[in-house]
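Chains as they are written, first to last, in the numbering used here: chain L, 1 to 389; chain S, 1 to 352.
FYI, nobody ran anything at the bench for these hints, they're computed from the structure.
Glycine included, each C-beta is placed from N, C-alpha and C at the ideal position.
Mixed in with the good hints, there may be bad ones.
Said to hold, decoys possible - Between beta-carbon pairs, the in silico distance windows are:
1. L/344 <-> S/257: 49 to 55 Å
2. S/328 <-> L/24: 16 to 22 Å
3. L/297 <-> S/58: 56 to 62 Å
4. L/283 <-> S/257: 31 to 37 Å
5. S/257 <-> L/211: 35 to 41 Å
6. S/58 <-> L/281: 52 to 58 Å
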Amino acid sequence: MKVAIFGASGLTGATLVERLIARGDCEVVACIHSSGNAWRLARMGIALTQVDLLDEAAVKDVISTCTHVVNCARGDEATMFTGLKHMLEASRAAKVKQFVHLSSVMVYGDPPVAASVDEAASAEPVEGTYGWIKLKQDEMVEAAARAGLRATVLCPPNISGPYSHYVQTLIGSINGASLAIVDGGGAPCLLADVRNLCHAIELALERGPSDGKRLFVSDGTALTWAQLLAELEPVVAEGALDRLARIGRAELAPLLQQAPPARASLKRSLKHLVSSEVRAAMRLDPMWGKLDGVMRQSVAKMGRGMEDKLRLSIEGTTKVRRKSRYDGLDLRLSGHQLRDTVHSNRRVTDVLGYHPLVTPQESMAAFRRWYRKHQGMDDAFSDLTARLA
Amino acid sequence: MTQRFRLAIIGTGLITQGSHLPAALSSDRVEVAALVDSVADRAASLARSYGISPRIATDVREVLGDIDGALIATPNDSHAPIAIACLEAGVPVLIEKPLASTSAEAERILAAASRTGSVVAAGYSTRFRPSTVLLKELVDREYFGRARRFVHQFGTPGGWAPLSSYNLNRQTAGGGVLVVTATHFIDRMLNLFGMPEGVDFEDDASNGPEANCTAYFHYGPARHGLEGMARYSKTTRLPSGMAIEFDRGIVTLRDSDDAEIVFAPSDGSGYSQVIRTSPAPAAVPDSFLEQIHDFVDACRNGSRPRVSGQEGLMSLQLIERLYAGRKRFSEDWYRDDAASAEGRFANNRIAA
Numbered sequence: 001m002k003v004a005i006f007g008a009s010g011l012t013g014a015t016l017v018e019r020l021i022a023r024g025d026c027e028v029v030a031c032i033h034s035s036g037n038a039w040r041l042a043r044m045g046i047a048l049t050q051v052d053l054l055d056e057a058a059v060k061d062v063i064s065t066c067t068h069v070v071n072c073a074r075g076d077e078a079t080m081f082t083g084l085k086h087m088l089e090a091s092r093a094a095k096v097k098q099f100v101h102l103s104s105v106m107v108y109g110d111p112p113v114a115a116s117v118d119e120a121a122s123a124e125p126v127e128g129t130y131g132w133i134k135l136k137q138d139e140m141v142e143a144a145a146r147a148g149l150r151a152t153v154l155c156p157p158n159i160s161g162p163y164s165h166y167v168q169t170l171i172g173s174i175n176g177a178s179l180a181i182v183d184g185g186g187a188p189c190l191l192a193d194v195r196n197l198c199h200a201i202e203l204a205l206e207r208g209p210s211d212g213k214r215l216f217v218s219d220g221t222a223l224t225w226a227q228l229l230a231e232l233e234p235v236v237a238e239g240a241l242d243r244l245a246r247i248g249r250a251e252l253a254p255l256l257q258q259a260p261p262a263r264a265s266l267k268r269s270l271k272h273l274v275s276s277e278v279r280a281a282m283r284l285d286p287m288w289g290k291l292d293g294v295m296r297q298s299v300a301k302m303g304r305g306m307e308d309k310l311r312l313s314i315e316g317t318t319k320v321r322r323k324s325r326y327d328g329l330d331l332r333l334s335g336h337q338l339r340d341t342v343h344s345n346r347r348v349t350d351v352l353g354y355h356p357l358v359t360p361q362e363s364m365a366a367f368r369r370w371y372r373k374h375q376g377m378d379d380a381f382s383d384l385t386a387r388l389a
Numbered sequence: 001m002t003q004r005f006r007l008a009i010i011g012t013g014l015i016t017q018g019s020h021l022p023a024a025l026s027s028d029r030v031e032v033a034a035l036v037d038s039v040a041d042r043a044a045s046l047a048r049s050y051g052i053s054p055r056i057a058t059d060v061r062e063v064l065g066d067i068d069g070a071l072i073a074t075p076n077d078s079h080a081p082i083a084i085a086c087l088e089a090g091v092p093v094l095i096e097k098p099l100a101s102t103s104a105e106a107e108r109i110l111a112a113a114s115r116t117g118s119v120v121a122a123g124y125s126t127r128f129r130p131s132t133v134l135l136k137e138l139v140d141r142e143y144f145g146r147a148r149r150f151v152h153q154f155g156t157p158g159g160w161a162p163l164s165s166y167n168l169n170r171q172t173a174g175g176g177v178l179v180v181t182a183t184h185f186i187d188r189m190l191n192l193f194g195m196p197e198g199v200d201f202e203d204d205a206s207n208g209p210e211a212n213c214t215a216y217f218h219y220g221p222a223r224h225g226l227e228g229m230a231r232y233s234k235t236t237r238l239p240s241g242m243a244i245e246f247d248r249g250i251v252t253l254r255d256s257d258d259a260e261i262v263f264a265p266s267d268g269s270g271y272s273q274v275i276r277t278s279p280a281p282a283a284v285p286d287s288f289l290e291q292i293h294d295f296v297d298a299c300r301n302g303s304r305p306r307v308s309g310q311e312g313l314m315s316l317q318l319i320e321r322l323y324a325g326r327k328r329f330s331e332d333w334y335r336d337d338a339a340s341a342e343g344r345f346a347n348n349r350i351a352a
C-alpha cells in the first residue's frame, strides 16, 4: 500500500503519517502546502512533498504513483473545491484502491440538527459556512464514487488528543475567561480523539466501502462540558474555572444569530460615497481634495443647522455602544455547547468494524501529558515561565 | 560628502525581501549595488518591485570588484563558501545568523578573515534592540543584584516558511528549532552571562530537525550558581520572552523591537516598574538598519562590529555542545491506554 496523504502537516494528517510509518507495512507520501507548518513531520527526517492542490498536474503526478489517497487538506474555498476536484480526478485516473475523505459533522448545520444522530439526516447548513463547503465536498466525493471511485467519507466532530488545536483554544479561552458555561455545562461535548480518527482512516484504507457516503467517527461516548472542564482543570490557570461566566441556553442562542448581510441599494451606495471615511481617503488625491474643500465650504455657508441636517441624513446619529455582560465573552466558542447531538458510531462500526481505541478520559489524559510537557509545567523553572503568561 | 557604501545582498529570499533590503534602501549611507541569487529571476523581480537597478548576478564572484561589502542571507550551509569567496577578495561580510551550519565552517570563515584582515559581522539583529542593550548594561552593573535564574521561551505553531524550505532539513539548516529560532537568544545569553559551564538538552527529533526542544544552562561558581532554561517550539504556542530572577526581584522582557524591561521587586509591594533610559528614545529604531550601519562603520572606521564573527562562532559552539548531549524526550502521551486498546483490537480481529 502506498498512501498519499494531503494536508499531512495538520493534526490528523501528521498523526496519521506517524502511525503509518510506525506500522512499517506501507509507504507514505506526505503532501504539504507550506514548509512553515511541517515541523512535526520534518523532525522524522522523512521526505515531504510540497504540492499546491490548485496545480492539477502536480496533484496528478503524486497520485499516479499511489494506491491509496487520504484527504485531510483544508484551505480557502477555491482550494477546498478545486483541490478536491483535482484529487478525485487523479484518483480515478490512477485507479486508486481507496480514497478517504475527511468531512465534518458541521455539514448538518451549526448546531447540527437533532436528527443527525444518524448519517441519513437531512444536511442543510447555511450557504457559505464551513459546513456548507464540507457538504459540497461530500457531494463531490459521492459523485466520484458513483462514477467508480472507491471512496469513504469520515465525518468527525472536533478533534482532541495531543496537539489538538481545539483543546488548546479551549484552554486559552478558559484562562482568558472568555468561555461561558452554558446551563451548568450539562450538554455533551462530542469529540474524536485523533488516535481514534486515524484508526478509522486506517480501517477505511484497508476495507473501506465504495459508496462515498458519510460515516460518523467519534469517541463513542461524550463527556459533558462540565466533565471536560474538570479534565482540563490541571492544565488551566489556578482558579480559572471559577472565573468563567454562566449563561443560559435560551439567552445565548439569540446572540449567535448572525445579522443578515446588508442589502445593496443606490441610497446606501450614495451614503457610503459621501461618508467621512470615503471622503478622507479621496482627499489624499489633490484634485478630489480640492473638490471636497469646495463642497465643504458650500455646505458651511448654509449654516450650522443645515450642515447638521445633512450630516445626520448621511451618517446618522453618533452611536455609543452600551456595556454588556457579554463583553469579553467568546460567544461563538461558548455556543459550541449548543451542539448537543451525539452522532452515532453505529454505521462506522457496522461498515468498518470501528471501535474507539481510547475513551474520552484517556484522550484528555494524553492531551494533558502532551500539554504539560510542551508548556514545561512540571520543570523547575515553571514559576519563572509563568511570569511570561 | 562620503561616497555611499556599495552593498551586495546575497540571497533574495524572505528575510531579504522583508527586512534586509527595505533596511538598506532606507539608509542614506548605503547603495544596494548588487542583488545575487542562484535564481536570477527572483533577484531581478525583487529589484523591479522596488524600482531599483542594482547588478543582478547568480554568483557573488561576478560582483566582487564592484562592492564594498556583502550581506549574506542564503541557506545556512552555503554561508561559508560565499563568505570565504568574499573575504579572499578582501570584501567584508555581514552574515545572517547563524554564522554557518557548523562551527568548523565558521572557523574557516574566521581564518579567511584573519588572512585578509577583513571584517566578519554576525547578523544577530536582536542585539540592536534598545532593550537588549539596556539589559546588558543593567546586568553588568548588577542594578537588580546578581542574576540567579533565567528562562527564555518562544513558540508558534509553524510560521516562517523560507522559499527554499532549507529550514526543514537538518543538513542545510544545521539543526532544528534550536538553530532556526533559539540562536538569537543563545547569542544574547552569551552576551549577557558568557559561556555556561554545563548544559543539558532534550528534543523531539528522530532523524530530522527537532520541532521542540528545551535547553538547560549551568553557570557554576563564576556566576554564583546561575541556572537557566530555554524552550522553543515550532508546533505549539508558548508565552514568549525572557524572565530573569535577580537578588532584588524579577525582570521580564518580551521578544519585540519595542519591548520594555519590566521589573517586579521582591519587596512584597506587588508593584512593577518599567525600566527605561532617560530620556527615553523618541522612536524605536529599525534593528536591521542599525545592524547595516554598524557593519558599514566597522568596514570604514575599523570599529568592532556589535556582534563579531568570533561571537557568531561561540553561538555555534554552544549549539553543538547542546546537540552533543541531546536526549530525546518521551512521547508516550497515551501511555499504555491506547497501546493496550490497539492490542485488544488486534486480538479481536484475530479472534473474528
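Hint numbers not upheld by this structure, sorted from lowest to highest
Result: hints 5, 6 break, sorted rising.
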